[in-house]
Amino acid sequence: MQQFANPTRFLQLANRALPTIWAVTVILFAIGLYGALVSAPPDYQQGETVRIMFVHVPAAWLAMLVYTVMALSSAVAIIFRHPLADVAAKTAAPIGAVFCFLALATGSLWGKPMWGAWWVWDARLTSMFVLFLLYVGYIAIWQAIEEPTRAAMIARIVALVGFVNIPVIKFSVDWWNTLHQPASVLRMDGSTIDWSIRWPLLVLGVAYTFLFLALHLTSMRSEITARKLRNLQIARSGEA
Amino acid sequence: MTLLFALLRRDLTLASRQGGGAGTALGFFLTVLVLLPIGIGPDQATLQRLAPGILWITLLLSVLLSADRIFQQDFEDGSLEVMAMAPPPLELVALTKAIAHWLSTSLPLSIAAPFLGILLNLRTEIIWPLTLAMVLGSFALSLLASIGASLTLNLRRGGLLISILVLPLYVPVLVFGMSATIGNPELIMPSLLILAAITLASLALAPMAAAAALRAYLR
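Residue numbers (numbering that gives the first Met the number 0), protein chains in the order written: chain U, 0 to 239; chain G, 0 to 218.
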């Protein structure tokens, strides 16, 4: 980890790794989408609409993974004062928020033909919605505070407080939902998942992860460059 | 310790004399309580069914909207810097201020709210369970609000940002507060115990988060 501490070194490594990461992403998406759209059989109950699941489920996985990455980066920033940890957390947030929104939107599109409703307040949906709010709050705090060092310090706390609360919220929403279970039984995954459906899901899960990695590194690169630019501008206005 | 008690007394005195404490929060509470039936419709049965939830949510919003008062004024006039340099750790200072907010705003509101539920045709047998649950949850509400207040110190549009940051933290309090109020009678005691657990956890963790945020602003 220490070897990535130098931003210039990190940029060199990122620049060298990114083309490979993008290539792997594209290949995995190709394989996964073939499995999802072509080779996986239509569900006996849901027909072809079950294929939304292949977009929806990995997006939800990533939404949770990215928040974990954000929280870990914030923890590393606090404990080790790693210079790039704040950059990692800051740039991960919008990507995670988009994955979260994608999960909610595709879930909604799936819900309409399957349940007859665009939205229901079951435990998972409610928890995912709250996760989206946590992302929004985190991004908002970076935008609200002007001074970058202070913004970083505050953002770390926001990320960690949010992370500590995710299991608590999840538990309380599950509890609430079992109390207020709607009359019909909702089956999100259908029956036990057959291998022919499971392998495209797993491949797409890995593909989404590589996509996040590629986007994250690109975003970190932009952020580091933006900071260098800002420092140069400050130095220049200092000389003038 | 005497310093902390002095701080508590000072904050309570300021809250009672300056306003923005219980009185204003109560006013906000009443205003929302007037708007809701206008929005939902005056049907007594509907209001009765919705009343516990409405009262809880309005309590959350009232506590949250008065939260930025916790640190803001002392930060503006420099007292917070003095408090940071004083012998007691900043964590205890943050805790004392959260306690002051609780005593001056959350607690009075949580005692008054269930009785205001009469306006919403609240079932009378729920009033005492609701009061108990709200009073038990009110300390956690103030503690979590103090985290939000310290994170958004002196920011423009900080009020909205506090709400976005803290309302997800309020979800467990709301869930267990509601289940301690209405619903299965067997679950009332476990729900109250979980509310107490949330309060204790907030008591342990909120001052640390708040102090860390305050240090970022006091640099």
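Worth flagging that the hints you see were computed from the coordinates, not collected in a lab. Do not rely on the hints blindly, as some may be mistaken.
Computed Cβ-Cβ distance ranges for the label pairs, DEER-style [stated by the list, open to error]: (1) Trp-114(U) x Glu-80(G): 50 to 60 Å; (2) Asn-183(G) x Thr-67(U): 47 to 57 Å; (3) Pro-184(G) x Asp-173(U): 14 to 24 Å.
Virtual Cβ for every residue (Gly too), placed ideally from N, Cα, C.
Hints and how they fare:
1. Under the hint 50 to 60 Å, the C-beta atoms of Trp-114(U) and Glu-80(G), about 56 Å apart, fit the expected range.
2. Our hint of 47 to 57 Å for Asn-183(G) and Thr-67(U) is violated, since their Cβ atoms are close to 34 Å apart.
3. Separated by about 21 Å at the C-beta atoms, Pro-184(G) and Asp-173(U) satisfy the suggested range of 14 to 24 Å.
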